[in-house]
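Those protein sequences? They're chains A and B, same order as listed. Under this note's numbering, the residue at position 87 of the first sequence is numbered 87, and the numbers go up by one with no gaps. Here this note's numbering runs 1000 ahead of the position in the second sequence, where the first position is 1.
Keep in mind the hints are simulated off the structure, nothing from the lab. Where is the CB? At the ideal position from N, CA and C, for every residue including glycine. It is possible that part of the hints are untrue.
Simulated DEER-style distance windows between Cβ atoms [what the hints assert, rightly or not]:
1. B:V1102 - A:N145: 17 to 25 Å
2. B:A1101 - A:V11: 37 to 45 Å
3. B:Q1070 - A:I81: 19 to 27 Å
4. A:S101 - B:A1121: 55 to 63 Å
5. B:T1078 - A:L8: 53 to 61 Å
6. B:A1121 - A:S136: 16 to 24 Å
7. A:V177 - B:T1154: 38 to 46 Å
8. A:I75 - B:T1078: 16 to 24 Å
9. A:L25 - B:P1027: 38 to 46 Å
10. A:N145 - B:N1170: 42 to 50 Å
11. A:G93 - B:V1212: 20 to 28 Å
12. A:V77 - B:G1090: 29 to 37 Å
13. B:L1112 - A:L74: 29 to 37 Å
14. A:G91 - B:M1200: 27 to 35 Å
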Amino acid sequence: MNGTPRTLNRVLLFIIGAKLLAVGLLLLMLATVPAVGTWWHDWSASVWAGAENAFRQTRFPGREESWLWIVAGLILVAIIIAMIAWLSQQGKGRANLLVASDDDSDVDGEVRIGGGVAEQTLRAALSERTDLAGASVATLEVKGNPGLRIRIQPRQGVAPHILAAEVSQLVEALDLVIGQKTPVLIHMVSGARSRFTKAERVR
Amino acid sequence: MTQDQETQQLKSRDPNAGATPVAGEDPEMSRILRRETHSSRAGASVIAAVLVIVLCVYALLEAGVRAIGQPPWLIDPTTAAGRIIALPEGISPLLLGASGAVIAMVGLFFLLHAVLPGRRARHLLRDPRTAVVVDDEVLASALARRARTAANVTQEQVMVVVSRQLVVVNVRPTSGSRVSEEAVLTAVQAELEEMSPVPMPAVRVNLASSGVIGA
Chain A
1 MNGTPRTLNR VLLFIIGAKL LAVGLLLLML ATVPAVGTWW HDWSASVWAG AENAFRQTRF
61 PGREESWLWI VAGLILVAII IAMIAWLSQQ GKGRANLLVA SDDDSDVDGE VRIGGGVAEQ
121 TLRAALSERT DLAGASVATL EVKGNPGLRI RIQPRQGVAP HILAAEVSQL VEALDLVIGQ
181 KTPVLIHMVS GARSRFTKAE RVR
Chain B
1001 MTQDQETQQL KSRDPNAGAT PVAGEDPEMS RILRRETHSS RAGASVIAAV LVIVLCVYAL
1061 LEAGVRAIGQ PPWLIDPTTA AGRIIALPEG ISPLLLGASG AVIAMVGLFF LLHAVLPGRR
1121 ARHLLRDPRT AVVVDDEVLA SALARRARTA ANVTQEQVMV VVSRQLVVVN VRPTSGSRVS
1181 EEAVLTAVQA ELEEMSPVPM PAVRVNLASS GVIGA
């Protein structure tokens, strides 16, 4: 439900994976097939000769070094920044406000309801239940609109459809309080806490 | 096939999809559900990005050292290039082949993460107001409780495995008492129909031939 860029992840993973696979296969072929070794010799030597030629032509006046090294460094810095930007996109998408809108009255201003209202009321309602080993509520941004994610950890053996219906009733009550229907996701997870505690025998 | 089309197909194939919507028939909701039942590949992305950053930082260091005319840190780029050109020589073929295999494996790991559909072990439940996603283990523990009461055995004697299209119930009866396969099957099927997860899995019951003593 968060804003992780899924298509971008797939594309970049594909590019990086394909390159690593190609390099690995080339090394494997070099180690096993002699014919590949001679071809590699000719091809890479000609490429390196071209590169050295380029370095020679781009020297600083009066010095040994070429400014191509600085260009290469700048490209590397650009790649590093792009990778950090990609990393920062993972798992983003938290929202602060549940409602932000004008009301119809004559008074100027905007009505804002923080996500904490829904999070705390739902968490308080869910914490009283004995058939849950844990519950957490988060406000997330879904295509620019706020949405709620309720993550609950039922104890062993709790019927999920009955639990879903009851949590759904809580959400409907919340709709009445807030006066607006927000998209809600209920996610029932199984974790170590529900696995190692005793089974639910009451319900 | 994109994940969109997959979800669409999944809904049209289901016979009672029209009866109660999976979630409010909201296109936004179905988008959320699709995202929740498929992996975001965030973990693999983080590993790949860190790998590329480390490689780039090292290359940057050597290029920078070279640009200002200082001695190299680990290896001079020119020497490195010379060694790479001469590759089959200068290193034992075993080491070369092994490192090639490792790099190819890492590449394959990322490539498969990018190409495979990345479905998570989760099912959807029908609810008119909210979108409900349930881990398969939660379904399994609920079905196990029902199977346990139907077979009249203890918790340790029942094991349920839920996959996308199939529920396998393994029961080890108590020695000396008979367990009806039919009863367990109908009980589990009734519970599953009450839940009506999407997609609906089939049920199979396996009774162990050897019993448990003293349970």
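Consistency of the hints with the structure:
no.	hint	result
1	B:V1102 - A:N145: 17 to 25 Å	violated (46 Å)
2	B:A1101 - A:V11: 37 to 45 Å	violated (26 Å)
3	B:Q1070 - A:I81: 19 to 27 Å	holds (24 Å)
4	A:S101 - B:A1121: 55 to 63 Å	violated (39 Å)
5	B:T1078 - A:L8: 53 to 61 Å	violated (36 Å)
6	B:A1121 - A:S136: 16 to 24 Å	holds (20 Å)
7	A:V177 - B:T1154: 38 to 46 Å	holds (45 Å)
8	A:I75 - B:T1078: 16 to 24 Å	holds (18 Å)
9	A:L25 - B:P1027: 38 to 46 Å	holds (43 Å)
10	A:N145 - B:N1170: 42 to 50 Å	holds (45 Å)
11	A:G93 - B:V1212: 20 to 28 Å	violated (49 Å)
12	A:V77 - B:G1090: 29 to 37 Å	holds (32 Å)
13	B:L1112 - A:L74: 29 to 37 Å	holds (33 Å)
14	A:G91 - B:M1200: 27 to 35 Å	holds (32 Å)
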